[in-house]
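**Student:** For the sequence shown, position 18 (counting from the first letter as 1) is numbered 18 according to the working numbering, and the numbering increases by one without interruption.
Quick caveat, the hints were computed from the structure, so don't treat them as lab data.
Since the model is a prediction, treat every value here as computed from it, not as a measurement.
A couple of the hints might just be wrong.
[As the list claims (entries may be wrong)] Using C-beta positions, here's what the derived DEER-type ranges look like:
hint, residue 1, residue 2, range
1, Asn-53, Gly-30, 27 to 37 Å
2, Arg-54, Ala-19, 30 to 40 Å
3, Glu-46, Val-22, 28 to 38 Å
4, Ala-50, Glu-23, 27 to 37 Å
5, Gln-28, Arg-54, 24 to 34 Å
6, Leu-12, Glu-35, 19 to 29 Å
7, Arg-54, Asp-33, 16 to 26 Å
8, Glu-35, Leu-14, 17 to 27 Å
9, Lys-52, Lys-29, 26 to 36 Å
10, Gly-15, Glu-35, 34 to 44 Å
11, Lys-29, Asn-53, 11 to 21 Å
12, Arg-54, Gly-30, 29 to 39 Å
By construction, the Cβ of each residue, glycine as well, lies at the ideal position given by its N, Cα and C atoms.
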Amino acid sequence: MTADLDDLLDDLFLGCALAAFVEQAIVQKGPPDVEATRLRAYRLYEEALAAKNR
Numbered sequence: 001m002t003a004d005l006d007d008l009l010d011d012l013f014l015g016c017a018l019a020a021f022v023e024q025a026i027v028q029k030g031p032p033d034v035e036a037t038r039l040r041a042y043r044l045y046e047e048a049l050a051a052k053n054r
């Protein structure tokens, strides 16, 4: 079970999605908007992939 959790937490997109959720919640000072969070997650993921491929 621990290995599965480690794999899940190491996944790049899931990390970006979590960061997007937290950032959006801070901006909105409450539960984040689903669409805004989705867009932020994809932007963070694209930025992380670009940085990784440099």
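**Student:** Checking each numbered hint in turn, tell me which of them this model violates, lowest number first.
**Tutor:** 2, 3, 4, 7, 10 and 11
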